[in-house]
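K.L.:
Given next are the chains, with one letter for each unit.
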Amino acid sequence: MLLQLKGIQKRFGGVVALRDGNLGVNAGEVHLLMGENGAGKSTLMKIVAGMQMADGGEMLWKGQPARFRNPSEAARNGIAMVHQESLLAPHLSVAENIFLGREERLPLGWVNRSKMVREAAKLIEEHRFPLQAHWRVEKLSPAGKQLVEICRAIQQGSSLLIFDEPTSSLSEAETKEVFRIVKALCARGIGVIYITHRLEELRVIGDRVTVLRDGQTVHSGPLGDLTTQQLIHHMVGREVTAIYQRDPLPPGEELLRVHNVTRAPALHDISFTLRSGEIVGMAGLVGAGRTELCRAIFGVDPIDSGQIWIEGKQVKVRSPREAVRAGVALIPEDRQKTGLATALPIAYNLTMASLPRVSRFGFLRLSTERSIAGEYTKKLRIKADSPKQRAGRLSGGNQQKVVIAKWLVRGARVFLFDEPTRGIDVGAKVEVFEVMDSLVRGGAAILMVSSEMSELLQVADRILVMRQGRLTGELPGHTTQEQIMRYAAFDMTTTEERAE
Amino acid sequence: MIQRLLPFFTLIALFIILAIASPNFLTSTNLSSVVRQTAVINIMALGMTLIIISGGIDLSVGSILALGGLIGATAMEKKWGIPAGIAVGLLIGTACGFANGLMITSLRINPFIVTLGTMGIFRGLALIFSNGLPVHDIPPSFSYLGEGTLLGVPFVLWILLFCAVLMHILLEHTRLGRYAFSIGSNPDAAFYAGVPVRFDTIAVYSIAGLLTGLAGMIEASRLMTGQPTGGQGYELQAIAAVVIGGGSLRGGEGSVLGTLVGAFIMGLLSNGSDLLGTNPYWQQVIIGAVIILAVSVDELRKRRMSS
Chain A
16 MLLQLKGIQK RFGGVVALRD GNLGVNAGEV HLLMGENGAG KSTLMKIVAG MQMADGGEML
76 WKGQPARFRN PSEAARNGIA MVHQESLLAP HLSVAENIFL GREERLPLGW VNRSKMVREA
136 AKLIEEHRFP LQAHWRVEKL SPAGKQLVEI CRAIQQGSSL LIFDEPTSSL SEAETKEVFR
196 IVKALCARGI GVIYITHRLE ELRVIGDRVT VLRDGQTVHS GPLGDLTTQQ LIHHMVGREV
256 TAIYQRDPLP PGEELLRVHN VTRAPALHDI SFTLRSGEIV GMAGLVGAGR TELCRAIFGV
316 DPIDSGQIWI EGKQVKVRSP REAVRAGVAL IPEDRQKTGL ATALPIAYNL TMASLPRVSR
376 FGFLRLSTER SIAGEYTKKL RIKADSPKQR AGRLSGGNQQ KVVIAKWLVR GARVFLFDEP
436 TRGIDVGAKV EVFEVMDSLV RGGAAILMVS SEMSELLQVA DRILVMRQGR LTGELPGHTT
496 QEQIMRYAAF DMTTTEERAE
Chain B
8 MIQRLLPFFT LIALFIILAI ASPNFLTSTN LSSVVRQTAV INIMALGMTL IIISGGIDLS
68 VGSILALGGL IGATAMEKKW GIPAGIAVGL LIGTACGFAN GLMITSLRIN PFIVTLGTMG
128 IFRGLALIFS NGLPVHDIPP SFSYLGEGTL LGVPFVLWIL LFCAVLMHIL LEHTRLGRYA
188 FSIGSNPDAA FYAGVPVRFD TIAVYSIAGL LTGLAGMIEA SRLMTGQPTG GQGYELQAIA
248 AVVIGGGSLR GGEGSVLGTL VGAFIMGLLS NGSDLLGTNP YWQQVIIGAV IILAVSVDEL
308 RKRRMSS
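The listed protein sequences correspond, in order, to chains A and B.
So the first sequence is residues 16 to 515, counted in the working numbering.
So the second sequence is residues 8 to 314, counted in the working numbering.
Read the hints as simulated data drawn from the structure, not as lab findings.
Only true hints are included.
Covered by chain B, per the in silico footprint, the following chain A stretches (three or more residues, Cβ under 8 Å):
#: 1; stretch: 339 to 347
#: 2; stretch: 356 to 363
#: 3; stretch: 371 to 377
Restricting the straight-line Cα-Cα distance to at most 30 Å, the calculated cross-link-like pairs of lysine-lysine (DSBU-like) are:
#: 4; chain 1: A; residue 1: Lys393; chain 2: A; residue 2: Lys403
#: 5; chain 1: A; residue 1: Lys61; chain 2: A; residue 2: Lys21
#: 6; chain 1: A; residue 1: Lys61; chain 2: A; residue 2: Lys191
#: 7; chain 1: A; residue 1: Lys393; chain 2: B; residue 2: Lys309
#: 8; chain 1: A; residue 1: Lys61; chain 2: A; residue 2: Lys198
#: 9; chain 1: A; residue 1: Lys403; chain 2: B; residue 2: Lys309
#: 10; chain 1: A; residue 1: Lys398; chain 2: B; residue 2: Lys309
#: 11; chain 1: A; residue 1: Lys352; chain 2: B; residue 2: Lys309
#: 12; chain 1: A; residue 1: Lys352; chain 2: A; residue 2: Lys154
#: 13; chain 1: A; residue 1: Lys331; chain 2: A; residue 2: Lys352
For each residue, glycine too, the CB sits at the ideal point set by N, CA and C.
Construct all of the structure, not just a fragment, from the sequences and the given hints.
P.N.:
Written out as structure tokens, the structure is:
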């Protein structure tokens, strides 16, 4: 066995990413690694590739105990990773990237450029890659960049290649090309670990599969023995740990209507509505286009076609400013980057979207601001010494409450929550859900994007599912994780029958 | 808190040391000359404070000062009268700032690059406009602006105080000022909150341009010349004043009081070295060291606060 992982553990602060990671990969096989978002797949692979250190467990590499402290140590031992997001130097040539860090040297530290180009060209020729050694990497497509990473791995003499969702940004033809290459590598005795969500791919490329759930290996074995149904079952498990329950409200008037919204390449023909009193969940895998949808509705990215109605009026939202004016609020995925001015006081953050309300003729009414800040820190139970405290010093959950409170002050009615519970602890999560519930009770409507399906099941009245930029399903709030996963991960319309 | 007040203590300590070390320091002639020397930089630095708080920078203010002063002086040479001449100077300064803001927001280029470009452009325009020659024929009474005295103190001190109070109110009590803090602290968050980022950025640079135009007229009045080559290196002194006073080039931080203190620290250092007969070349070394020291102390404070 080429690589064996036994009981790998990894914690990040208080969060357990891996509790029992097991995996065995043979030379010359394509081993699929599957699991939901956050199941621990990437962490496990980073440990193998030396990008992270395990806290516990054992790793055997070619039968010997191994522990790689950094990626170059792993690379020297023959392990290479082809990343989802390219880690190449964009301004350098294909050849220079293949040899980056291991340049052919001449005396006096001169780089032997012609030899590098020659060798790179030979490598490309040998594998029939559609590349030229002198091309600049920034001009390449995502597929081309992956080929460069593969070249790099081959040139290093790697015996194990890890692919992290390599086809997520590729066209069909490019995907086929990647498959051809992966198979050719296996034929030479190289082991491949392949992370993917796409069922149609699994059957084409995979030999064996390992499924992770909540940081644990729950299944490992030949792919042929499994039905799709069993695979989904392994991925999502049975038990749903309910921490919160809410009573649905009768939906009121329509607050948001999205009609045939398209923005290439992320969004295709999206249509749905939000009514007052509703929390509508939005499920999907990473990269399905959920964040892009929020950004489009909020006017950050312009849409190519389609219409948006807010409170019954058709609006053209060309900027967040116009969205805010129309009564839309976005609680972004990346709080620190786009939601909060961390260096400014809490009070400044709370009134940031509502300054016209706390000023007269352009002059601020600081006493009004103080009373608003006092009122909302109390209302949302924001734990802070005073509203003058810098927002960046609050805990994750309290920061999130500040971001939400900013929109309460503004009086928005359509709320787009993008991963509202990311990075906050369980207690604060419940508080965020309570705030969301009181919002819809006050007549607002919420679109809640979340990658944690169990959360959506607890909070949402309806659940929309996106896959590759399209809405693929609408499910009732009391659906199951299996159902969501079917629509989120697999193309229900074309490949389901073939696969089963 | 103590570290935040460090610039104040430094200024007071410097003042006391100079008062003891040099008998000529605490004379009204010397003190008014310090005020007059510092006022030009100080007024520019007020505008720079606003820009730096909004997360920007303006390298072109030295050139704007020259262009505004020159064209204002030319207007007076052409017998437009003193008030009209001053108005022309202010207008030119505002227009230059407006142009900076417009380019930064519409071309979406880093303000450092834009104002590095306009630093050359405005300077070049001043030289073209004047054929490289200074303008001398200015009504004598214009000298009151820079050299006059009102109620026993230099007139420029009143102007400086007036501008400082206005800038303080702008920063702490108006929507525009608050938006400047928001944009400087986190431009994305401000944009997502519906802050009119583009409009405010242009306003910020225009206001700074207006103040620089005023500084240009004061400089012209003190020298009784419109100098196309004037104000070189002033931009760096203005930035230094803001930074010594606690402004952060990362944006979102800075205050009028801090900037005033920063500018006066530099003014006293240079005046003190003159009085004590320090080699003028050493002055530059000392001021440079003070900038680095002030900023490193401030960074230390922030790092301790965030941990």
